[in-house]
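Peer 1: Here is what each chain is made of, one letter per residue.
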Amino acid sequence: MNFVRVVWLVVRKDLLVELRSREILYTTVFFAVSCVLVFAFGFVREGQAMDDVGAGILWIAVAFSGTLALGRAFERERQSETLRALLLAPVDRPALYVAKLIGVLTLMTAVEIVVVPLVALLFQAPLFRHLPMLLGLLLAGTVGFTGVGTMFGAMLARARSRDVLLPVLLYPITIPVIIAGVRGTSALLQADPDPAIARAWLSLLLSFDVVFITLALWTFEPVMTD
Amino acid sequence: MQRLFLPLLILVAAMFAYAPLAIANAPFESTMLLVQKIFYFHVPSWFVMFSGAFLCAGASVVYLAKGSKNADHYAVTGAELAVVFGLMGLITGPLWARKAWGVWWEWDVKLTLALVVWLTFVAYLLLRRYGGPGSEKLAAGVGIFGAANIPFVYYSVNWWRTIHPKTTVVPTLGPGMRGTFWFCVLAFMLLMVLIIAARVRLERQRARVDELFLELED
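Each protein sequence line maps, in turn, to chains A and B. Under this note's numbering, think of the first position of the first sequence as 1, with each following residue one higher. Under this note's numbering, think of the first position of the second sequence as 1001, with each following residue one higher.
No wet-lab data here; the hints were simulated from the structure. Honestly, I wouldn't trust all of these hints.
Per the computed footprint, the stretches of chain B lying under chain A, defined by three or more beta-carbons under 8 Å from a beta-carbon of chain A, are [said to hold, decoys possible]:
no., region
1, 1108–1121
2, 1147–1156
3, 1187–1200
Here are the computed distance ranges between Cβ atoms for each label pair [what the hints assert, rightly or not]:
no., chain 1, residue 1, chain 2, residue 2, range
4, A, I113, B, W1104, 56 to 66 Å
5, B, W1107, A, S203, 52 to 62 Å
6, A, S203, B, V1193, 36 to 46 Å
7, A, A191, B, M1189, 34 to 44 Å
8, B, P1151, A, I197, 12 to 22 Å
9, B, R1129, A, A191, 43 to 53 Å
10, A, R20, B, W1101, 38 to 48 Å
One-sided excerpt, in silico: chain A residues whose CB lies under 7 Å from chain B [unchecked claim]:
no., residue
11, G42
12, P176
13, V223
Glycine included, each C-beta is placed from N, C-alpha and C at the ideal position.
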């Protein structure tokens, strides 16, 4: 079976399972919304949001709910040992990685469709002023975060204490994504927006994506082999 | 290495015994005076930490590509060195910063990079310790990702203004200070070699005990 077909089959299977229960989608979206609310109580004083917090809260909500979605996505595969069945299938291992990545990305896109307008609403952030650039930052940042996260989530699926190890491993490695995402977004949100700076951060995110997805494609096979 | 171990141990012990004298006798730096002397242990700690980090990453690549157990022993040794000496650097740094900059911590590129790399290797050790069977391979993945992350952390944090003394400070040291500094670096590097030898031997013997135990059970 060729690479693209394997990816398509696994993505279709994951989305079908998810569409029937909508478990991860609903829980993750509501988790992200509660995250934003908790931060709103922390950072809004006398009805006025502090300067520059919208971008930070947006990315923290993305990172936290992303961790949750990654954990749940692989927990489902573990429950009835379906991950082992996937790994036993005579297909390219990297194709499984790409398929899982696309599945989690789809989920995170749905989360961001809810969270981004919510942040704009609650923090009076002019998110829609430079929409294409903002979408670029969100997409590149989410790809970088979930690219590393899918690799670690898959690795940890069979490990003990995986729930706590996933954020412990994932956050130090994705610090550049969070810095670039927050700085780039706040360059667009500030009173005097600076698209040149946002573009520079976007290019950092893109190079992060390229390096880490290449690395994950190379290490997925040996790491996932017993 | 085993035959060299004892003489090297004596040499390193002598060097560390002499180091405080050398540091006390080194001339005072003109603006920072006494606080600058922490530099003789602070900078070599970072040298050892980053050597440990790169040893871990390199050994992890070999382990994943070839599956050699020996490489894995070197990887865990490198990670432990990075954590222990990184902790030394992270403690001595703020002590100096409080006196020189007036603050304990500054989000400067070198400090942040060191903190992130240190956290990565703490996570690496946590995974090995609590990940259960088969976590060596997973840890190897983390080691490689952690090393690949270093340039990205550097560039992303570099956009904030840096106030750490430039690395070019080393060649501009006065003659008395330069000798003492490189003496300390040499002492730390030799200590690192000793620890690597002892730790890899321990890990190898542990693996051997496990094998023997399994044979006995069969």
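Peer 1: Do three or more residues of the region 1187–1200 of chain B come closer than 8 Å to chain A, measuring C-beta to C-beta?
Peer 2: With 0 residues in contact (Cβ-Cβ under 8 Å with chain A), the coverage given for the region 1187–1200 of chain B is violated.
Peer 1: Mind checking the CB of G42/A against every CB in chain B and telling me if the closest is under 7 Å?
Peer 2: It is violated, given that the least Cβ distance between G42/A and chain B is near 20 Å, above 7 Å.
Peer 1: Mind checking the hinted window 38 to 48 Å against the Cβ distance between R20/A and W1101/B?
Peer 2: Violated - the Cβ-Cβ distance for R20/A and W1101/B, about 58 Å, lies outside 38 to 48 Å.
Peer 1: Taking beta carbons only, do three or more residues of the region 1108–1121 of chain B come closer than 8 Å to chain A?
Peer 2: holds (count 3)
Peer 1: Using the C-beta atoms of W1107/B and S203/A, is the stated range 52 to 62 Å upheld?
Peer 2: This hint is violated: roughly 22 Å between Cβ atoms.
Peer 1: Does the Cβ distance between I113/A and W1104/B fall inside 56 to 66 Å?
Peer 2: violated (42 Å)
Peer 1: CB of P1151/B to CB of I197/A, is that within 12 to 22 Å?
Peer 2: Check passed, 20 Å falls within 12 to 22 Å.
Peer 1: For the hint 34 to 44 Å, verify it against the beta carbon of A191/A and that of M1189/B.
Peer 2: 52 Å Cβ-Cβ, so the 34 to 44 Å window is violated.
Peer 1: Please verify that hint: V223/A, Cβ, nearest Cβ of chain B, below 7 Å or not.
Peer 2: Holds: closest Cβ of chain B sits about 5 Å from V223/A, inside 7 Å.
Peer 1: Tell me if the beta carbons of S203/A and V1193/B are separated by a distance inside 36 to 46 Å.
Peer 2: holds (41 Å)
Peer 1: Taking 43 to 53 Å as the hint, is the beta-carbon distance of R1129/B and A191/A inside that range?
Peer 2: holds (48 Å)
Peer 1: Checking hints one by one. Is P176/A an interface residue toward chain B, by the C-beta closer than 7 Å rule?
Peer 2: holds (4 Å)
Hint violations for this structure: numbers 3, 4, 5, 7, 10 and 11, all remaining hints satisfied.
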